[in-house]
Amino acid sequence: MSKTVKAMVIAGNGTNCEREVAFACRQAGAEVSEIVHIAELLAGRVKLEDYHLLNLAGGFLDGDDLGSAKAGANRLLYARVADSEQTIADQLKQFVADGKLVMGVCNGFQLMVKMGLLPALAGNQQQSCSLTINDGGRFEDRWTWLKVNPESACVFTRGLEKLYLPVRHGEGKFVADSRETLQRLEEQHLSVVKYADADGQPTMVYPDNPNGSLAAIAGVCDPSGRLFGLMPHPEAYLHRTHHPRWTREDLPEEGMGLWLYRNAVNFIREELL
Amino acid sequence: MAWRIVVGLKDGVKDARGERVRREISEHLGYRLEKVQTLDVYTVAADLSDAEVELAARGPFSDPVIQDVAINRPLAGGFDMLIEVGFRPGVTDNTGRTAKEAIQYITGRPFKINEGVYTSTQYLLTGLTDKTVAERIAKDFLANGLIQRWTILAADELDPQVGVPVTVPRVVSDSSPTVRGINLQISDRGLLDISRVGMLALNLEEMQKIQRHIADPQVVVEREKVGLGAELTDVELEALAQTWSEHCKHKIFSAKIEYEDENGNKETIDSLFKTYIVGATRDIREKMGDKDFCLSVFKDNAGVIEFTDDWSLVFKVETHNSPSALDPYGGALTGIVGVNRDGVGTGMGARLIFNTDVFCFASPFLEKELPPRLLHPRRIFEGVVEGVEHGGNKSGIPTINGSLVFDERFAGKPLVYCGTAAIMPRLLHGKPCHEKKVQVGDHIVMTGGLIGKDGIHGATFSSEELHEGSPVTAVQIGDPITQRKMFDFLTIARDRGLYNSFTDNGAGGLSSSVGEMAEDTGGCELHLDRAPLKYSGLHPWEILISEAQERMTLAVPAENLAEFISLAKEMDVVATDLGQFTDSGYFHCLFEGKTVSYLSMKFLHEGVPQMVLPAKWQPQARVEPVFSQPQDLTAELRKLLGRLNICSKESVVRRYDHEVQAGTVIKPLVGVANDGPSDAAVFRPLLDSFVGVVVSHGICPSYSDIDTYHMMACAIDEGLRNFVAVGGNIDHVAGLDNFCWCDPVKSDKTPDGEYKAAQLVRANKALYDYCVAFGVPLISGKDSMKNDYQIGDTKISIPPTVLFSVIGKIEDARKAVSMDVKRPGDLVYLLGDTCDELGGSEYYAGQGELGSKVPQVDAETALLRYRTLHQAQQQGVIASCHDLSDGGLGVALAEKAFAGGYGMRVALADVAVDAEMRDDKILFSESQSRLLVTVKPVDQTGFESLFRGQSCQLLGKVVAEPLLSITGQAGDSVISAPIDQLKEAWQAPLREM
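Same order as they appear, the protein sequences are chains A and B. Each residue of the first sequence is one higher than the last, beginning at 1 in this note's numbering. Each residue of the second sequence is one higher than the last, beginning at 1 in this note's numbering.
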């Protein structure tokens with residue numbers, strides 16, 4: 001494999017944020033950053049194995065008609081790649097086993113959780129958590145503060161303390177199937193980012209916690225730290241003009257969301273090339 | 001075999017949807033329930049095994065972490081009353097479609113034609129035992145009888161083994177497709193009966209024109225050659241009714257108008273559209289010369305202007321009023337995804353970048369008995385907002401600009417304006433992307449959704465007032481995902497150069513899309529039997545005019561057809577070859593090889609007789625109200641801030657994704673707490689460039705009650721004022737007009753038609769005058785002319801309303817300016833004079849008055865001010881800028897202060913007035929073209945020198961203390977209020993919506 005970092009964003013069937021995610025990967029230094037329509041994967045013309053970073057972008061897969069990302073997960077599990085017995089989920093399994101990186105944002109996070117890719121506590125892809133309807137019962141677009149867990153193995157958040165990013169969802173309330181699951185998430189520092197108040201402390205109070213997420217969890221990683229998903233949108237804050245108060249605050253040119261992508265690209269360069 | 005799969009939340013999982021329903025039942029209907037639980041039901045009617053159904057139920061249909069599933073047995077328990085709501089047969093069921101696809105992935109077998117999955121929702125109510133109340137909750141809140149059906153069961157009526165019995169809402173039709181001949185050689189009364197009974201909306205003159213045409217011996221000879229006779233077919237009559245409808249032909253805007261003004265001066269106007277709208281743009285473009293940035297105006301689905309050297313900008317705004325009156329959710333959803341097709345379907349194809357929406361409603365808190373068939377404004381509000389939310393959010397298009405306008409008359413017909421912008425490359429395969437042309441021999445290919453009976457007579461229905469017999473089929477439900485898949489496919493097809501032209505299927509369906517495209521070549525041969533159907537049993541005329549959604553029609557050269565169809569298949573998009581474009585001169589439709597329509601293209605498109613419309617202007621006698629200045633102006637300001645037309649719309653704005661695509665630079669909500677009201681939006685469509693699009697609008701129907709001329713002028717000025725406030729370049733901006741009128745055709749139903757027509761003429765005159773004066777070309781627009789409600793003796797006509805949308809450019813989005821004050825010490829300036837112009841103002845409306853002195857616009861001084869402001873913004877000396885509109889100076893000051901989180905100290909004595917005015921009038925006058933800016937002290941000299949010689953008044957400054965203090969002309973304190981208090985007054989009214 002050459003010394004180029006290759007990122008891919010899967011598009012189609014209702015993804016919406018693929019353009020800005022692909023742009024973020026390029027900005028972060030990925031030499032290759034491609035938007036690949038799922039039809040290309042199913043036709044077998046493009047294969048996951050040729051990339052290092054897989055992005056599952058925000059959107060409404062199949063309209064989220066059966067619950068967020070449910071129908072999308074079903075497609076990945078059952079639809080066969082042309083002239084093979086393989087599904088995209090099979091390719092994804094191999095991709096993960098190869099130690100490559102996956103980031104799911106919003107609908108992509110919902111997809112990862114519902115496919116059991118996150119938090120993958122037992123090491124298998126058994127779903128143990130979920131994302132459900134916001135406590136307020138409605139879709140909301142709102143900027144939120146996130147506290148980053150410094151002890152997390154998550155490669156995307158290395159060196160970060162806090163983030164300011166928008167949520168834009170109706171089904172973002174994080175829940176776990178049991179107290180034990182939550183306990184393990186916390187003990188293993190898999191609960192990477194939490195909704196925080198003005199003082200930077202995790203909070204259950206609306207609107208700082210916009211959806212009522214359990215333990216204020218906004219995003220989680222798997223034990224390897226290479227699979228990461230979150231409800232807030234890092235690709236929505238790449239430049240200071242994305243910030244809602246850029247006309248009144250002195251901000252660095254570069255947005256906080258870009259940091260996550262840069263961490264991913266740096267990790268790939270150091271560990272996977 | 002059919003299965004019922006019921007999915008519900010596990011014990012202990014919060015049912016947020018149920019809780020929201022419980023709260024809304026209380027808010028809408030006043031019934032307080034203890035608890036509402038919700039369950040999802042999938043009725044699966046297909047050839048499957050139990051094991052396959054089980055796989056689906058435990059797989060895609062449910063979430064093992066939070067949900068339980070039951071198959072063919074009830075899940076409901078612990079409730080008093082069960083209401084299950086599902087769709088009526090044939091109504092678009094998006095979730096059902098997704099569920100069907102999910103099962104197909106699992107089994108690897110496609111469903112057969114009459115197999116399907118049908119969804120419904122169970123509401124379990126606790127704290128209610130009265131069935132009549134349950135019936136009312138179902139009818140007036142949970143369901144819409146036009147498109148949905150419901151079952152109500154008390155707890156003891158639910159069979160514990162089976163649950164709710166299985167019903168499969170499949171469309172059952174035993175009629176075989178037929179074509180009827182229609183004899184038109186009958187009496188006038190008979191002709192009118194045909195039009196009325198058939199929902200054709202054709203008047204006598206038009207029916208007679210068709211009667212004469214079909215009797216023409218030469219026409220008969222030609223018809224006999226193709227196997228038709230002297231009778232018109234139903235296919236032909238429907239095609240004519242659709243093509244000639246007000247909705248499609250704009251007969252009122254094309255009419256010959258005999259206009260008489262208040263002094264008895266008479267003039268004949270040959271088409272308002274050509275004279276004032278096309279005329280304005282023509283004159284402005286001539287004047288701009290080589291600076292003309294218009295690329296495609298009035299001829300395509302949307303207008304196109306230059307944006308950068310490589311990209312063009314596309315903009316269109318539509319209305320979807322009548323469908324939204326009947327089914328607010330479906331109507332509005334269809335409105336937004338429909339206008340999206342206009343944006344995409346312009347030229348050779350464009351990429352959508354944002355949506356805009358403006359709604360006019362009656363107060364959601366209206367406490368009045370409503371006449372039959374009208375939904376309560378609160379239901380309309382909720383449904384429309386949700387429809388646009390789903391339409392925009394699911395399509396991945398940010399909704400970045402909009403308004404809510406309230407007037408009680410909008411109870412008769414809500415106005416739902418949906419706008420969309422897109423970008424396209426300047427050149428595609430070396431040719432201008434904004435141009436397209438069908439070639440003879442190209443195949444007619446339809447892509448996207450399938451055809452059902454949905455939306456039949458939509459075009460003719462919206463050409464009439466809302467009445468008793470308004471058809472339920474006029475209601476459609478959009479499907480953003482099917483459309484999105486089609487757009488993804490069409491983008492690739494465009495880039496591969498696979499088609500020569502395309503357009504969307506909106507009003508009038510294939511009849512309209514194929515009919516219009518066939519004008520390029522002069523004919524077509526359309527095989528209706530090849531069209532893919534949702535279910536069997538449609539007649540040829542229904543296939544032709546169905547407005548089933550998510551469809552585009554393309555002209556594909558024969559050599560590309562196979563590649564086009566196979567690409568569609570790979571991308572899971574339906575694409576069907578329906579025939580060819582020809583130069584036969586005929587709109588030729590066939591069904592199973594037999595001709596069913598043979599209309600000459602010329603008659604179809606040019607045959608409609610020009611309407612002649614009388615219009616007589618007589619200004620209404622209006623007087624200024626007499627009341628003394630209220631003692632407590634702080635209280636007056638708070639009251640104004642809480643008025644529906646002024647108060648915060650944050651609860652609605654947050655439901656729209658306004659940031660997807662990562663381009664929204666000036667967002668709808670700005671300021672220290674991200675909740676101040678932006679004047680306009682700035683959007684950066686190219687991620688690697690800082691060039692921005694600025695979008696805004698003006699709308700002020702309250703001025704129409706005094707004079708529509710000034711209403712129009714004010715709407716234009718408001719749109720431009722908002723545009724320049726955020727940094728838009730006034731020399732690169734285009735306008736778009738959307739007229740929504742009450743019926744202006746004098747008749748027994750509309751005895752005041754001459755006055756309403758004169759109002760229309762006056763608005764058009766102002767449109768011409770002010771667009772020319774500001775140098776703003778119009779690039780597209782639409783009119784909706786029958787916004788009346790009439791059942792029995794009750795007639796409600798909306799106030800004449802024009803939405804003036806504005807789109808243009810800012811060279812560098814980093815120079816954009818927001819409305820919130822930035823820091824203590826900054827100087828507060830008012831640009832523009834304040835006059836005694838409170839006619840139609842929010843202040844007068846609050847006193848129950850209308851007044852007579854409507855604001856008037858001085859375009860010359862305004863234009864100079866807007867240009868100078870742009871210069872100042874370019875130089876970076878403007879810290880904040882906010883336009884003055886509803887509620888005038890007082891409201892603008894308050895909004896600026898609380899958005900920025902600082903107080904302000906200003907003096908009314910420094911306001912430039914044209915004559916002696918009371919303090920309250922200075923505070924709340926709605927004089928146009930005024931802007932309030934703040935400037936850093938260090939920039940004072942630079943700023944003032946730019947505005948030397950213009951109306952520019954230093955009123956005071958921004959202060960750290962969070963208090964808005966305003967001194968009157970006499971130096972006394974007239975307003976003193978903590979900004980939090982003002983903000984609370986402004987946020988409270990619609991917070992919980």
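By construction, these hints were calculated from the structure, which means they are not laboratory data. Warning: the hint list may mix true and false statements.
Here are some chain A residues the structure puts well away from chain B; computed CB gaps all over 12 Å [what the hints assert, rightly or not]:
1) E18
2) E31
3) E49
4) Y78
5) G99
6) R142
7) A153
8) K162
With beta-carbon atoms standing in for the labels, derived distance ranges [stated by the list, open to error]:
9) B/R180 to A/Q125: 22 to 30 Å
10) B/R109 to A/D90: 36 to 44 Å
11) A/A198 to B/K274: 58 to 66 Å
12) A/Q125 to B/D50: 52 to 60 Å
13) A/P207 to B/Q629: 50 to 58 Å
14) A/L251 to B/G78: 38 to 46 Å
15) B/G876 to A/A122: 53 to 61 Å
16) A/P207 to B/P630: 31 to 39 Å
17) A/D50 to B/M1: 43 to 51 Å
18) B/P557 to A/Q125: 42 to 50 Å
19) B/D50 to A/N124: 24 to 32 Å
20) A/D90 to B/T126: 40 to 48 Å
The beta carbon of each residue, even a glycine, is placed where N, CA and C say it ideally should be.
Violations among the numbered hints: 1, 4, 6, 9, 10, 12, 13 and 14
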